[in-house]
Every structure is written in C-alpha cells, then in structure tokens.
Amino acid sequence: MDEKKNIDRLFQEKFKDYEVFPDASAWKNIEKQLMKKKKRRIIPLWLRFAGAAAILLLLISTGFWFFDQRDNTTEQPNETIITDTDSKKEIKEVAPLVKEKNAITFEDTETGGEEEIISKTISKNNSQNLKNNVVNNPTIEKVQAKVTPEENIALSGVEKEKEDNDRMPLIEKPTKIDVIKEVDIIREKINTEKTAIAQEKIVNEPTTTKTDIQAEIEKTTTVVSAEITNKWSVGPSMAPVYYNTLGNGSPIDPALANNKKNSDGSVSYGLKVNYKLSDKFSLQSGINTLELGFTTQNVATLVSSSLLDGSNTNINTNVDGASVTALSTVAQNSETLNQRSSFDASGSLDQSLSYVEVPLEAKYNILQKKLGVNIIGGFSTYFLYQNKVSVTSFGKTSTLGEASNINSLNFSGNLGVDFDYDISKKLYINISPMFKYQFNTFSKNSGGFKPYYLGVYTGLNFRF
Amino acid sequence: MSLKKLINKCKLKDKKAQSQIYQLFSGKLFALCLKYSRNYQEAQDNLQNGFITIFDKIEQYDFRGSFEGWLKRIIINTALQTYREKNVLNLVTEEIPEEVEIEIDQDEEISLDFLLKLIQELPNRYRLVFNLYVLDGYAHKEIAGMLSISEGTSKSNLSRARVILRDKIELNQSQIKKNEAF
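Quick mapping for you: the protein sequence lines, in order, are chains A and B. Here the first sequence is numbered in the working numbering, starting from 10 and rising by one per residue. Here the second sequence is numbered in the working numbering, starting from 47 and rising by one per residue.
Extracted from the complex, chain A is given alone in its bound form (with noise of 0.2 Å):
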C-alpha cells in the first residue's frame, strides 16, 4: 500500500517534540565559560579605579599648578621668606611660592662697568614629583636617602646648600592640561593597540581538552576566550632614579664642560599596565612622573641686561630682557675671585627636568619559579612639563629661568631586568633595575652631554 506523503510533512512530524538531552559535559563547559565571563566583568571595576584615580591626581596636580602660576606673577620687592622648618614630610603637603627680590650691585674693575643683578629666590623643594600613586601612600623621605652611597658624598654637598636656605616645604604639581591631553590621546592609542593585539592573538589549546575532535572544533570556533586567565595586569610604581651622562659635556655651557656633575636624585611615580601575551612574553606601558635634575659644581652666573661677550649659555631667564652667562669658577683663582666678593667660587647650578613618561616595553620571562626573572626591553616617550635652572651661591638658591635647549617631546632606549614575586594569585611585586639612555633630550648644542638615567622601579601589581 503506497500512500504518498508529502515530505515535508514526513519530516515535521517525525522531529514533533524531538528532545535529546546532551552530554554532561556540555554543562560543565557552559559553567567554566559562564565563571570566565564573571571574572572579565571584574576588571573594568579595577582599572576604571585606577584610571579614575590617576585622572583625579592628575587634575588636582594641575590646579596646584595653575595656582603656582598665578603667584608667579605677583612680584613684591623685599618679601622676606616665610622660613619653615622642613626635612622630612609627606610629599603631599603643598604651600603656596612665596617670592623675595634682592637687588645686588658689584662692581666689575676689569670692564668699569656696573651690572645689577637681580635674582630671585625662590624655595625649592627636591622632591617635586607627582603623585599618581593609586593604592599606597608611603612616605617619602629626603630622596638622597635612596641614592646609592657613592653619590651620596656629592649630594649631601648640594643637600646642605639646600637646607641652609630658608625654605618652605613645595610641591610642585605642573602639568599642562594639553599635557594631560597628550597623555590620554597616548594611553588611548596604547589601549586600541593593545586591544589590537589581542584580537589578532591566536587561540591558544583550551586548558579542558576531553577530546582531541572537541579540541579541533574548539580552535574552528570563532570564541574568542583568553585562555590564559588574568592577562591584564596594573599597579602603582615607583622608583628612585640617579641621573648621569654617558658623555662628558655640559649642555648648559660648554665652558662648563669638564665640571664636576651630580645627580639630584629623584623619584619616579607612576602607574604600571601589563599585558600577557604569551606564557614567556608580555608587553608593559604606564605612565610616570620623571625629574631628572643635575648639578653642575663650581659654576657662577652672570645675569646682565646685555649680552656679555656673547654668551654661550643655553638658559632663557625669568626677567625680561635679561640674558644669563654661565663661568666656570674651576679654573680661577679662588683667592682672586674671592676678593672680587661678589662670585662664589662653590657656587653651582642645577639643571632640572620634569617630564610625563610613557614607556613601551616587552618583558621576555627567563626564569619562573617562586621569584620570576625577567628581562625588559623596550622605550619611552617623554612629555616635558618643566625645565628649570637654578643657581646656588654663598649659600642660597635662586631659580634662573629654563634652559633654551630642551625639547619638550623625546625618547629614550630602555633595557633593564625584573624580579618578581606572588604575593597571592592576583598580587605580585616587582623590583626592576633600568637603565634608560635618552634620545634628543636636546634639541642644540647639548655640548657632548649624552643623559641616561637608572632607576630600580618597585612595583605592586594586581591581576585580572
């Protein structure tokens, strides 16, 4: 008996209420996808807490700045200091500049002339870092302190001058707002570029492999699932730096070149980013706070209302009209000059640079047991925020003006080891020795001044 049957009907009704119940295992692979999608969901809270943080920091530093400025422009004749007892305080106390003007004539017999000179002393404070620490607030003490003993010896030289000047406890917090803005437009690129990366990573072998079919299937699918968990990860870093050249040379001058230079020691703030890309390579990037200052000994400046045998002195001055000419008092006579009473054959002049750092670097893992080792290469770009030269003589520290030959955007090559330890599966630490050779720190006559900077970069790292 041949009945025809149309077949689609044939087919609707043999699939009518058709139910079969999967594997368990579809299940469990369901829930281990599910808790991975939970944990994804955390990280946003982190790094939004961070960025949010940082950009807080970031805001309140620029107000400070902002109110330095507006004090900068108000001069009043013979202010005295308001002196104040410093040492060690918490970075974060902030006090308004203060200004004093002092008016000194001397004469110079050899050329008969009589030149003024004006300075103006301002207080400075060495520790003028910004802080973007997010989690810790340690307490900095005198940054010398952190200095390796060698330069020490130096330094305390420039720490006395210092602390015998009257001064008020600073913190200077000079960001430019399109500073800030170059900075995010920097740490977007590095988001989109790290997102970039991560969309081209290939799918690595799924950590539950029952079978090798399901294996097969699971690369052909387009889930894109990081299977190594906890990628991503963030935290506040900080490091002290000593500053130093390759070259000798002084980019201020070059009378100043064979001078005696040292370090100001510095710290470095900032907050740390760190991707995992594989099991042995994983890419970094953060942002910091840099000053790089120096100190040229045995300097003397001349600040006339012309030019003085055309000076070579790469220093733009605060006062209008005014130019600045660096001596070298090494090679005269102390004796001599002594008498002259007006220069300071120990005087010295610093050099200070605060910059917004964005490193780039690959951390290549040699070792990985209870301590990682590691090694990092890579580099950074450089947003300069502040140059400043000051001058130190009989005793007291009078800021100049800037130096003409910095340029606000440069690079540096970056090498350096790391060390890292588990605190707890999301929690670790790092300590990592850099070393960073900078690239066109200067844009003219840098005088044979090749500047590099160390610094041992200690880390709190969390994991998501």
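Don't take every hint at face value.
[What the hints assert, rightly or not] Only pairs whose alpha carbons sit at most 30 Å apart, straight line, appear in this in silico DSS-like list of lysine-lysine:
| # | chain 1 | residue 1 | chain 2 | residue 2 |
| --- | --- | --- | --- | --- |
| 1 | A | 23 | B | 61 |
| 2 | A | 434 | A | 46 |
| 3 | B | 223 | A | 37 |
| 4 | A | 37 | B | 59 |
| 5 | A | 240 | B | 103 |
| 6 | B | 223 | A | 41 |
| 7 | B | 62 | A | 45 |
| 8 | B | 103 | B | 51 |
| 9 | B | 224 | A | 48 |
| 10 | B | 201 | A | 240 |
| 11 | B | 62 | A | 48 |
| 12 | A | 378 | A | 240 |
| 13 | A | 45 | A | 289 |
| 14 | A | 37 | B | 50 |
| 15 | B | 59 | A | 435 |
| 16 | B | 51 | B | 61 |
| 17 | A | 379 | A | 240 |
| 18 | A | 453 | A | 378 |
| 19 | B | 59 | A | 240 |
| 20 | B | 223 | A | 46 |
| 21 | B | 223 | A | 48 |
| 22 | B | 62 | A | 240 |
| 23 | B | 50 | A | 45 |
| 24 | B | 223 | A | 23 |
[Unchecked claim] Estimated spans, in silico, between C-beta atoms of each pair:
| # | chain 1 | residue 1 | chain 2 | residue 2 | range |
| --- | --- | --- | --- | --- | --- |
| 25 | A | 46 | B | 188 | 37 to 45 Å |
| 26 | B | 119 | A | 449 | 42 to 50 Å |
| 27 | A | 416 | B | 119 | 58 to 66 Å |
| 28 | A | 75 | B | 119 | 28 to 36 Å |
| 29 | A | 255 | B | 103 | 57 to 65 Å |
| 30 | A | 61 | B | 87 | 54 to 62 Å |
If you're looking for bench data, these hints aren't it; they were derived computationally from the structure. Even for Gly, the Cβ is constructed at its ideal location relative to N, Cα and C.
Chain A is already provided as a structure; the job is to place chain B on it using the hints.
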C-alpha cells in the same frame, strides 16, 4: 518556582537559576542543534555557545513572546553564525520544482535517527534552508535575510534539499524492500 521567577533570577546571573533553565530546555534545544549541525560534536559546541549567548542576553528578554521561541531563535542564530563565516551559503538560482512527493510504505516506518542522519548529511546550505523552512517555520523572505541570500536562492536550496532527501529515502526504502524479499 515559576518560569518568570526563574528568568528574573537568571537576569541577575543567579547560577542555580541558570542551571535550572538549562535543565528545562536543553533537551529541546540540543535536538535543535543536532538538526542544524553536521554531527554530534558540532551540535554540542553549538549548544554551549548558544547557552552562553542566552545567559548573556537574557537581561534583554522582556517576556514578550514565548520564552522557548526566544531561546530557539538564539540557538538557531548561533548555528547560522558558524556557517556565516564559512560563507558556503550561496547558490546559483535554478529551476524550482515545487512540491516533491515521495512514496512511503505505510508499514515501513522510517526511523527518526535515519532522517536526522539524512539531514546532517545535506550540504550546509541545503540543510539550513530545509530546517528553517520545513522544521522551524520561517518564510523564505526571513530565511533570505538570515542567511544573506536572495529569496530565490532560498527557494531553490529548499527544492534541492527535498530532492536529495527524497532520493535517499527512496533508495533506502527500496533496499529494505530488497532485503525483505529475501
């Protein structure tokens, strides 16, 4: 606990509720997966991905329309996505034979497993259209949109699918008859 309560709990990512929803619907949804996939493994994969999407999107479900329908649509879309990437859905339009009739013997029951196997053996483009139209009730216009093909292509894919299925069934039927004869 009512289904509505269960769904609301799922919206809050309640693990137990999610597990229960899975228990309630995985049977039907896995059957659906089997029809759209080429084999058991692929079907399981599809089911897993489908449920992830379900639990992800459940907060958007606003209780309008049947929940089961909503679930099925997600599973189907997940299945289609696998093939979307493979880009094997296009076919040149040919003549469209309409109703295809097959002969079956009343006594000879054709097993469901056999029919499932036939469906799974169909080339992707035919299988998807056949399922969507015949088993899940979509119109050619909708299918065209879902598979990014023309309506004509959808119709001809369906016809060809029917032809293949009919031929295989008839072949099978005649083989059974032959065996019986001995």
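Checked hints:
no.	hint	in the structure
1	A:23 to B:61	violated (35 Å)
2	A:434 to A:46	holds (18 Å)
3	B:223 to A:37	violated (45 Å)
4	A:37 to B:59	holds (16 Å)
5	A:240 to B:103	holds (26 Å)
6	B:223 to A:41	violated (50 Å)
7	B:62 to A:45	holds (17 Å)
8	B:103 to B:51	holds (16 Å)
9	B:224 to A:48	violated (61 Å)
10	B:201 to A:240	violated (48 Å)
11	B:62 to A:48	holds (18 Å)
12	A:378 to A:240	holds (18 Å)
13	A:45 to A:289	holds (22 Å)
14	A:37 to B:50	holds (25 Å)
15	B:59 to A:435	holds (24 Å)
16	B:51 to B:61	holds (14 Å)
17	A:379 to A:240	holds (19 Å)
18	A:453 to A:378	violated (48 Å)
19	B:59 to A:240	holds (24 Å)
20	B:223 to A:46	violated (55 Å)
21	B:223 to A:48	violated (60 Å)
22	B:62 to A:240	holds (29 Å)
23	B:50 to A:45	holds (26 Å)
24	B:223 to A:23	holds (21 Å)
25	A:46 to B:188: 37 to 45 Å	violated (30 Å)
26	B:119 to A:449: 42 to 50 Å	violated (60 Å)
27	A:416 to B:119: 58 to 66 Å	holds (60 Å)
28	A:75 to B:119: 28 to 36 Å	violated (57 Å)
29	A:255 to B:103: 57 to 65 Å	holds (60 Å)
30	A:61 to B:87: 54 to 62 Å	violated (46 Å)
The structure fails to meet hints 1, 3, 6, 9, 10, 18, 20, 21, 25, 26, 28, 30 from the earlier list, while all remaining hints are met.
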